[in-house]
Amino acid sequence: MNNRQARLFAVAATGLSALLFLGLTLDSHRQFPELTNAQDITPQVRHGMDVWHKYNCINCHTLFGEGAYYAPDLTKITQHRGEPYLKAYMRDPSRFYNEQTHRRLMPRQDLAEDEISDLIAFLDWVSKVDNQGWPPRPILVTGSFAPGAATLAAAGSSGQTPTGARPVDAGDDPRALGEQLFKTATPACNACHSTVPGADMAGPSLAGIGTRAAQTVASPDYHGKAKDAGGYIRESILSPSAHIVPGEMYSADGTSFMPTGYGQSLSDEQVGQLVAFLETLK
Amino acid sequence: MRYQSQSVAYWYFAVAMVLFGLQLVFGLLSATKYIGPDPLLYILPFDVTKVIHTNLLIVWVLTGFMGATYWMIPEESRTELHSTRLAYIQLGLWTLMGVTAIIGYLFRYGTGNKLLEQPLPHKIVIVICMLIFLYNVGMTIRKARRFTTTEAVLMIGFVSAALLYLPALLHYENYTVSIFYRWWTIHLWVEGVWMMIMGGFLAYLLIRLSGADREVMEKWLYVIVGLVFIAGILGTAHHYYWVGVPSYWLPIGGLFSALEPLALVGMAAYAYGAIRRSGLAHPNTLALHWTIGSAVFSLFGAGLLGLAHTWPSVNKWTHGTLITAMHGHAAFYGAYAMIVLAMISYALPSLTGGRREQGSTLGYWAFWLQISGMFGMTLSFATAGIAQVYLERIMGMGYLDAQLKIQIHFVMLIATASLFTVGVALFIYDFFRHAPRLVVDEPASAPAPVRSA
Numbered sequence: 014m015n016n017r018q019a020r021l022f023a024v025a026a027t028g029l030s031a032l033l034f035l036g037l038t039l040d041s042h043r044q045f046p047e048l049t050n051a052q053d054i055t056p057q058v059r060h061g062m063d064v065w066h067k068y069n070c071i072n073c074h075t076l077f078g079e080g081a082y083y084a085p086d087l088t089k090i091t092q093h094r095g096e097p098y099l100k101a102y103m104r105d106p107s108r109f110y111n112e113q114t115h116r117r118l119m120p121r122q123d124l125a126e127d128e129i130s131d132l133i134a135f136l137d138w139v140s141k142v143d144n145q146g147w148p149p150r151p152i153l154v155t156g157s158f159a160p161g162a163a164t165l166a167a168a169g170s171s172g173q174t175p176t177g178a179r180p181v182d183a184g185d186d187p188r189a190l191g192e193q194l195f196k197t198a199t200p201a202c203n204a205c206h207s208t209v210p211g212a213d214m215a216g217p218s219l220a221g222i223g224t225r226a227a228q229t230v231a232s233p234d235y236h237g238k239a240k241d242a243g244g245y246i247r248e249s250i251l252s253p254s255a256h257i258v259p260g261e262m263y264s265a266d267g268t269s270f271m272p273t274g275y276g277q278s279l280s281d282e283q284v285g286q287l288v289a290f291l292e293t294l295k
Numbered sequence: 003m004r005y006q007s008q009s010v011a012y013w014y015f016a017v018a019m020v021l022f023g024l025q026l027v028f029g030l031l032s033a034t035k036y037i038g039p040d041p042l043l044y045i046l047p048f049d050v051t052k053v054i055h056t057n058l059l060i061v062w063v064l065t066g067f068m069g070a071t072y073w074m075i076p077e078e079s080r081t082e083l084h085s086t087r088l089a090y091i092q093l094g095l096w097t098l099m100g101v102t103a104i105i106g107y108l109f110r111y112g113t114g115n116k117l118l119e120q121p122l123p124h125k126i127v128i129v130i131c132m133l134i135f136l137y138n139v140g141m142t143i144r145k146a147r148r149f150t151t152t153e154a155v156l157m158i159g160f161v162s163a164a165l166l167y168l169p170a171l172l173h174y175e176n177y178t179v180s181i182f183y184r185w186w187t188i189h190l191w192v193e194g195v196w197m198m199i200m201g202g203f204l205a206y207l208l209i210r211l212s213g214a215d216r217e218v219m220e221k222w223l224y225v226i227v228g229l230v231f232i233a234g235i236l237g238t239a240h241h242y243y244w245v246g247v248p249s250y251w252l253p254i255g256g257l258f259s260a261l262e263p264l265a266l267v268g269m270a271a272y273a274y275g276a277i278r279r280s281g282l283a284h285p286n287t288l289a290l291h292w293t294i295g296s297a298v299f300s301l302f303g304a305g306l307l308g309l310a311h312t313w314p315s316v317n318k319w320t321h322g323t324l325i326t327a328m329h330g331h332a333a334f335y336g337a338y339a340m341i342v343l344a345m346i347s348y349a350l351p352s353l354t355g356g357r358r359e360q361g362s363t364l365g366y367w368a369f370w371l372q373i374s375g376m377f378g379m380t381l382s383f384a385t386a387g388i389a390q391v392y393l394e395r396i397m398g399m400g401y402l403d404a405q406l407k408i409q410i411h412f413v414m415l416i417a418t419a420s421l422f423t424v425g426v427a428l429f430i431y432d433f434f435r436h437a438p439r440l441v442v443d444e445p446a447s448a449p450a451p452v453r454s455a
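For the protein sequence lines, the chains are A and B, in the order given. Taking the working numbering, the leading residue of the first sequence gets 14, the next gets one more, and so forth. Taking the working numbering, the leading residue of the second sequence gets 3, the next gets one more, and so forth.
Just so you know, these hints were derived from the structure itself, not from any lab. Wrong hints could be hidden among the right ones.
What the hints assert, rightly or not - Quick look at which bits of chain A chain B covers, simulated, 3 or more residues with Cβ under 8 Å:
1) 31–37
2) 49–62
3) 105–113
4) 141–147
5) 239–246
6) 257–265
Stated by the list, open to error - Derived, one-sided and incomplete: chain A residues facing chain B with beta-carbon distance under 8 Å:
7) Ser41
8) Gly78
9) Glu79
10) Pro97
Keep in mind that this is a model prediction, so the values were computed, not measured. Note that the Cβ used here is the ideal one computed from N, Cα and C, for glycine as well.
So here's chain B without its partners, still in its complex pose:
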């Protein structure tokens, strides 16, 4: 660790780890309900476990993003954070928001609006936390007068994420209009600005891990950002299929979301190229696994599996089936869970004592178990979804009867999800088994000449 204030990242990562573990508990609970009958029908029904599962995902990934940013900004700008106190206040508020929201969901205290279930007070706290975060990071960069392209991409990503949350605060009387704006937040986060944030972290990690030339890396980062937004902004249209909007969204959605893999191919090629071309290799090979893994798995989950059902004439049959769950799980894990785990793996040897820079054996087990588990889960959802589409949508079998025919895929889902859970449990154990050692051990280099983005 070069700057004392980077230590705030440890506590963000710690909170993210706990919430990640909790997310899996509710995920597994939801999965077992597919086998049924459900002994918890009147205590913890599916709608409750599912809403907690998805909300915890959003909260822990954002916690990880913010922690990773607090880790990265001092190094990039070569200065201490503007205020560690603010960062801790923000973490406290954020965690309080997350935990009370989860408790509320147990009692059905939520808006019942898909993925935006947070009650209004919680939404306001989310906005406040984002503002504190942006202020703190913005002031740090301003003070340092050193603003790298990587930081710029990351910051524009966060500012847009905050702005795009605003439509979620409004109430719409027309259900179709409410769907229309839900995706301004959710889609433009996930396939727009979060991608930008991911690209920023990816560039940072690749520059650090491979020693790749910053000029070259940042140039390609721009290209990737351009591709993300060409496909991502108009690609929102693939959420506008069959919901009561004008028909021109159909071809637009098909065309532009078919372009989405382009940006992801770009990212994967970018990561691979950086590693191949550079001579210098960073000792932290575990972080390298996670970094390259994230680029490759998001190409598979977000890119290819998204493409598989994004064309309107295909989506007409697959819309609203387990095919969507297949894509959702692989995409979120590859693009966002893995990039956060990469940042944690990179930072961890400097945040805790007694850890090898290369990563522990346990860490590698965690990586491979998670990858295989998530791959298996994706296949289980895929086979279940394909069978569902044929039985229910094409042959005309009733929903409930079709679900009975695909039970075996739910057994596979639970088996592979258990494997995944073991991988995550190892990661969490590996995180907490060494006490934090938050001291500056690698003094900052002499101030570099100021260079603007």
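Just chain A, with the same shape it has in the complex:
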């Protein structure tokens, strides 16, 4: 190869690559509106993006996995945490996490109320962008080590059975199906609740919920409509604010932080399976 041929190679390689790249860029623009649900970019979402930029969020957190790796990924956060929780969290993170325990804490940002709600609208838009199904398994903010939790979740969606996880199918005991739902419902219950005694996460630990539910229903402070433990658990899943256990970690102004969409996303039978599973936690 002489100098002239080498130069021709450099120019041709660069030219062809650039041409292909520009062509694909044009085609990407054609597809952006559909992939990103561009029609849902409302003024709130736009303002939420400005808030995201204004508070320099990306230099601690990641979004679509891009950012600074010092704080949790927020791509799917609105699918893991309900709006009341996120609002209360944004007002004062130190009420939810202890810097001594986790060795790091998000500084209070003093956002205006409309900034908070628009930021949540933006994050909700982000969570619905078609990004090839990433992350492949939910990335949790906190949670104790629970063997098989995510592997079971993956088995449910992909049909592959990872080693060590027993497959669960429709003919199984409702309680086994409920245990799987606990990890696979959207939002996944185990994103906020552990079943380990004392391991409270964004939601309280559900260890012993079967026993506590029976006590709650029987107590004179209970104002909901349930008649027995199973009924109380069902009510808590479908309308979390019907009866609120006092304490500022999990509710504010009479509204529970728990997401309210399970009535729509789960069938009546599935709720029954979840209740059956939870009642076993004595």
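Once you've looked at the hints, dock chain B against the given chain A.
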């Protein structure tokens, strides 16, 4: 020094040195926050120290690039610079931009857009500085009527760098589109045109240090440039994983970024071959260490560590973890920090008095301490990142809990980063301990016949 105007390079290098030192201060501060709790939570939180750390990197490396170019162009074109005054005005503006941007970040005055945090006025000043620079260098080459291939590669690199900054000036209402164009600037800089600039400096240094034949060196420089762009342009796709773009970017990203090490293998082989084959050895062996070191370390950091997590089916699990920080640190240091330090080490004996051409003992300590420190930092990020991927992404442990389990790797990070910092401190001390002596001591040779690229 052969041309009086080469002396502007000294002041560019001096500014680069100060900013490099400052970058490490903010890097170390950021690293300690991984251990926590953070006493500076409300004074200097992580997002501020991190944004200053990365921005200082970009500013000092570019300052070094521009200084090195002002050093190299007169020698290559065999003439004085078009205007030293313009070069100083540019340096003043540039430094003012850098310093005010850093002060602004302390008060959260920035765009909050990853790596493009510079506020609009600062971005405009960056463009103005680049234009002054291109004009000044372009006029010098035009006046000399001598334009070598090495210069051509370098100049095309700088012109493209300026052009690719333009998408960063626009505002996008769709976050995914904004990500799409962020990488036009950042990726195509780092893995495209900056590589070209690095290749230009590498060729210059190898020709000077090894006495390798210019014809041969320039021929291979073309081949490397071709390889850089085949892999680099379409390799942008590896930043388009999981961000809301069409799926065809996944296989394209996998395929073309897997080719990226090819160009880097080419560069390393190029450097090694040049040194082995040539009979003539330049006395400045310290600069030679940095030059070969840069070629080898970028093969490791940019090439191999990039390849380690670039395939989509791997990246699906490692995306957005400390694995990226591992690759980022080794790649930037090997490819860009080291090539600037090589140019400085090469030029320094002629820019200051009382210095041995071979380089000082201190200079060698600086080299080896930095190399070992950065290697250790890379391993710390790697082990932390691997543990994070398994605990958090595969086992399903929560982010905060997984981070607690990998604390020991952050201790290692700080230990090795301290070693690295000592190496950098020695380099900076060695730079400033001799006063500048900016006189022509090696008269320019008789005008050579004009030769075009």
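Discussion item. Please list, smallest to largest, the hint numbers that this structure does not respect.
Written reply: 5, 6, 10
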